[in-house]
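K.L.:
With the first letter of the sequence shown counted as 1, position 897 gets the number 897 in UniProt numbering; the numbers rise by one all the way through.
Source of the hints: derived by calculation from the structure; they are not laboratory data. Take these hints with a grain of salt, some might be off.
As the list claims (entries may be wrong) - In silico DMTMM-like pairs for lysine to aspartate or glutamate, Cα to Cα no more than 25 angstroms straight-line: (1) K766 to D785; (2) K792 to D781; (3) K792 to E185; (4) K909 to D781; (5) K903 to E610; (6) K649 to D712; (7) K181 to D161; (8) K60 to E85; (9) K582 to D496; (10) K903 to E918; (11) K446 to E415; (12) K653 to E842; (13) K892 to E842; (14) K243 to D712; (15) K815 to D805.
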Amino acid sequence: MPIPLKSGSLVRLEDGTLGVHSHGTQLLITAPGQTGQPSTAVAPVAPVASVPVMASDLRKPLQGGGAESFDLVLGPQTSDAVLGEEMSQCLFEKGFCVLRLCGGNGGEAIQAMQDLAEDGQLGRLPEEVEEGYLGLGGKGRVLWLDPESKRDFHQQLLALDQNLSYLASVLQPFSGDVFEKPIKERTPALLSLSLEEEEEEDYPQPPADDKILGDFLSTWRRGLVRVVQFIGPNSTAVELETKEGPDAAALPVQQEVIRITAEAGTILLFRPDCFTHSTTCNGEVLSVSTAFLSEQPRWFINAAKDFDPSSWLCLGGSIAPNGPPPPEGHGINVLHLATRMPAQWDEPEMYNTGLNAGTDAVIEVPITRFDVNEYFTADPDSITVMNPKMNQRHTSFVDGIELFDNKYFEISSNEANNMDPLQRQVLEVGGSLMYQMGVSKKVSNKKSHHVGFSVGVDKADFPTLGLGGGGTNALAIIANRFSFVFNLKGPNYICDTACSASLTATHLAKPLLMDRTWDVLDFHVATGTHLCLSPGPWVGCALGHMTSPQGRCFTFDSTANGYLRGEGTAGMVLKYGDYDSKGCIYRASCVGQDGRSASLTAPNGPAQEEIINKAIREARMTPPESTCWECHGTGTSLGDPIEVGAVRKVQRKTVRPEPLMMSSNKSNIGHLEGGAAMAAMVKCVLGVKQNQCVASLHLRQLNPHLEHTIFDAFFETERTCFSFDRAHCQISSFGFGGTNGHCIFWGKSSVGKQDIQTLLLRRIAKMSPAEIRPVGNNPDDWEADLPEANPKAGDIYSIVMRPDDPMDEPIKWVKIRDAEEREEREEREEREEREEREEREEREERESIEEAYAITGNFNNWQQDLMSPGVSGQYSMTVFVPADGLEFRFLKMPGALPIAPEKDKCAEKTGKILGPQEDLTTCWSVKAAANSCLRIELLCLKQIYSVLWMPVQ
Numbered sequence: 001m002p003i004p005l006k007s008g009s010l011v012r013l014e015d016g017t018l019g020v021h022s023h024g025t026q027l028l029i030t031a032p033g034q035t036g037q038p039s040t041a042v043a044p045v046a047p048v049a050s051v052p053v054m055a056s057d058l059r060k061p062l063q064g065g066g067a068e069s070f071d072l073v074l075g076p077q078t079s080d081a082v083l084g085e086e087m088s089q090c091l092f093e094k095g096f097c098v099l100r101l102c103g104g105n106g107g108e109a110i111q112a113m114q115d116l117a118e119d120g121q122l123g124r125l126p127e128e129v130e131e132g133y134l135g136l137g138g139k140g141r142v143l144w145l146d147p148e149s150k151r152d153f154h155q156q157l158l159a160l161d162q163n164l165s166y167l168a169s170v171l172q173p174f175s176g177d178v179f180e181k182p183i184k185e186r187t188p189a190l191l192s193l194s195l196e197e198e199e200e201e202d203y204p205q206p207p208a209d210d211k212i213l214g215d216f217l218s219t220w221r222r223g224l225v226r227v228v229q230f231i232g233p234n235s236t237a238v239e240l241e242t243k244e245g246p247d248a249a250a251l252p253v254q255q256e257v258i259r260i261t262a263e264a265g266t267i268l269l270f271r272p273d274c275f276t277h278s279t280t281c282n283g284e285v286l287s288v289s290t291a292f293l294s295e296q297p298r299w300f301i302n303a304a305k306d307f308d309p310s311s312w313l314c315l316g317g318s319i320a321p322n323g324p325p326p327p328e329g330h331g332i333n334v335l336h337l338a339t340r341m342p343a344q345w346d347e348p349e350m351y352n353t354g355l356n357a358g359t360d361a362v363i364e365v366p367i368t369r370f371d372v373n374e375y376f377t378a379d380p381d382s383i384t385v386m387n388p389k390m391n392q393r394h395t396s397f398v399d400g401i402e403l404f405d406n407k408y409f410e411i412s413s414n415e416a417n418n419m420d421p422l423q424r425q426v427l428e429v430g431g432s433l434m435y436q437m438g439v440s441k442k443v444s445n446k447k448s449h450h451v452g453f454s455v456g457v458d459k460a461d462f463p464t465l466g467l468g469g470g471g472t473n474a475l476a477i478i479a480n481r482f483s484f485v486f487n488l489k490g491p492n493y494i495c496d497t498a499c500s501a502s503l504t505a506t507h508l509a510k511p512l513l514m515d516r517t518w519d520v521l522d523f524h525v526a527t528g529t530h531l532c533l534s535p536g537p538w539v540g541c542a543l544g545h546m547t548s549p550q551g552r553c554f555t556f557d558s559t560a561n562g563y564l565r566g567e568g569t570a571g572m573v574l575k576y577g578d579y580d581s582k583g584c585i586y587r588a589s590c591v592g593q594d595g596r597s598a599s600l601t602a603p604n605g606p607a608q609e610e611i612i613n614k615a616i617r618e619a620r621m622t623p624p625e626s627t628c629w630e631c632h633g634t635g636t637s638l639g640d641p642i643e644v645g646a647v648r649k650v651q652r653k654t655v656r657p658e659p660l661m662m663s664s665n666k667s668n669i670g671h672l673e674g675g676a677a678m679a680a681m682v683k684c685v686l687g688v689k690q691n692q693c694v695a696s697l698h699l700r701q702l703n704p705h706l707e708h709t710i711f712d713a714f715f716e717t718e719r720t721c722f723s724f725d726r727a728h729c730q731i732s733s734f735g736f737g738g739t740n741g742h743c744i745f746w747g748k749s750s751v752g753k754q755d756i757q758t759l760l761l762r763r764i765a766k767m768s769p770a771e772i773r774p775v776g777n778n779p780d781d782w783e784a785d786l787p788e789a790n791p792k793a794g795d796i797y798s799i800v801m802r803p804d805d806p807m808d809e810p811i812k813w814v815k816i817r818d819a820e821e822r823e824e825r826e827e828r829e830e831r832e833e834r835e836e837r838e839e840r841e842e843r844e845e846r847e848s849i850e851e852a853y854a855i856t857g858n859f860n861n862w863q864q865d866l867m868s869p870g871v872s873g874q875y876s877m878t879v880f881v882p883a884d885g886l887e888f889r890f891l892k893m894p895g896a897l898p899i900a901p902e903k904d905k906c907a908e909k910t911g912k913i914l915g916p917q918e919d920l921t922t923c924w925s926v927k928a929a930a931n932s933c934l935r936i937e938l939l940c941l942k943q944i945y946s947v948l949w950m951p952v953q
């Protein structure tokens, strides 16, 4: 009897043959020899073609069907559940499944691949893996449809990839019953256009590296199903040869060789653990293939008991320690930070977030300050003494300075009304720092503290407004009032060196904290502040052509034409003690003066270079250890190139391992004048704790006068992380009157701390892939430094890493079969390491006894004079300078191996030193008065040499 079916539905007759119903009509399908018997319908087939077709012989492979037979037809409305069940049944019983698409010739996909071939976009697989991907005898011009690739593929090619994902999704629910391992993922689709012999010269096979071989071997071992779709236009002869092994022997239906003629529109699925497949193309054929994979094994990492990653394993993956080491001994630590900055950045974390987001905190001068329209002119050239105007209508504005909780500070309302807002800001910021130290107003009322306090301030506008006067608003009272409110008995002062005021004030606190004998401070609170309350300073700066008409600091940019006046208050707590290697250290600072330069306000490059060098020497570091540089960076056409030039002269003397990061927060918040340096110092402390350097804004084209092409540095336009988790951040701050300041902070990242497993995984990711040694055509026989093909839960492998291994050392997995063997191995390795350590210590002790150094030069006719040993690693010699100057080098004894500078006739004590090694002929050259005495010292610490000479009176 007839059965109503939907158009394009697939039906199966009682004898197993198939038929298709189309065009919405009722069709009576009968089995051969059983006319009129009803058929049994199965669910619809997925839409993969447009016009259904009928096959003349519908018997299945291995069930009486020939080479062109198939198991299933994919039609427009195939049911996912039925399709998945039928495919899984075939794979379970026979180990393979042949699908046939209803119609469709794939012409557009073939044409797209031919176009790619003509454009030279196709390649060839390496010889070792080509047959593994394409089958024995398979050759092809290939293209990976990698989903992570940014290439734009033809829509028809992407449709082929989607078909493979569809087949994986419908088979996945049944895969656990068939393979005992469920399908978890698949490989990217591999498109292959057949390759004729005459075309092989145009497509040479590339060499296979360990990564290519490793990726192939991994997918080969995890492969559950191989899928090949033959697009056409011609047919392909496929042979499936049954493998020897338990998997193939367990198949209910078996045949030694299965031959399949894959016409256009054929999809072949087979189990690679049961069959080896080979292909022979009858003309040009396009195919697309993939592998359905089992889950990637999960490994849990445990380090050896005595493993200490802090000694050499670092975030940057370097063998060296995690960036520059901290200083040793005692010094000044930075404990707490506080801010009251523009854009309501009223906490350091808010300030840090704004800098990270690249926020410009600049707005038009609000009416709560004054009516900017009364003073502003858009024509800077019209500003004269007779026509005093301001060329800037913007500022970085601190909101709410008229609000003040005077009751907390026990200040009367009448007195608070007449207080300079600078005093209010300093009380609020400094009070926050005191609270973080555990000293609230209530605590300070009961007990005084020997704490120092300093304020860097440039000018006070409030007294000029006629709103408050008297001695209570003198500049000194800004600091004095704070010590009075919080009952502090330590040194108290303000510092005004113009733009460098707050750095100078902080620098002057350093000797106060370092004095641990006569006037011991508990800690010191350093602050810097600035508010723009009056139009007067704007007018004065405009007359001096200091401010930018655009109302921004275009630091490092070619359009730099002046600075932006800004507001803000910030501060930090400094405390003397043991260096905190996990926090932030105030490592060094220096303040100097330009002296006599081009003009009173012109910057002086050599003077800036001098204080930078002094600060670096005080920090007992080298210029290459500088990580990030916070420039003064006002955005003036004269100041920026001079400042960068001074940095360049300091940094280029020694080769850097990586470029120096340079930025300036003035592009975010403008120039806070007296408070600028403190805002920059707070930014740098945040930077070393966050392990990053934030970007400078408004930088489109570098100032051509910066000479950056010969400077191993880059100017940040994007937030960038440091290479290591420890870094130096340096701050330059220069007053327009010539007072220069420089400060160095050392810090270790306090965020994103990784445990030992994360560090190990990051280190492993930088290693080269495991070595693969292809042996024969069968990948099952290949040798590899990888885990075994089917690792079991509880298997234990070791990966050995050593500090002196190169970063690209290949990974090598070594299996430890059981706990007893592992313990024996650990004991043996521990014993060997102990013996090696003892032998090394004995050798070093022997060498230290035998080690000696000699000096040779023109003073002794280049003979050898042994140097006198001093403290550990120190050797010295006093010589007379010849009339034409002194030349010398050292010799390591025994063996007389030279130790000499890299550059011949070197007159620098900090130049690179080579040796000990043969054939070194360079020497140091020292100019001094004839017959004068020089003391020459050679310092040797862990095979690192340094040289020093000094006159002897």
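K.L.:
Taking the hints in turn, state whether each one holds.
P.N.:
Structure-based check of each hint:
no.	hint	result
1	K766 to D785	17 angstroms, holds
2	K792 to D781	20 angstroms, holds
3	K792 to E185	20 angstroms, holds
4	K909 to D781	61 angstroms, violated
5	K903 to E610	24 angstroms, holds
6	K649 to D712	11 angstroms, holds
7	K181 to D161	23 angstroms, holds
8	K60 to E85	16 angstroms, holds
9	K582 to D496	33 angstroms, violated
10	K903 to E918	16 angstroms, holds
11	K446 to E415	23 angstroms, holds
12	K653 to E842	39 angstroms, violated
13	K892 to E842	20 angstroms, holds
14	K243 to D712	61 angstroms, violated
15	K815 to D805	21 angstroms, holds
The structure is inconsistent with the numbered hints 4, 9, 12 and 14, although it conforms to all the rest.
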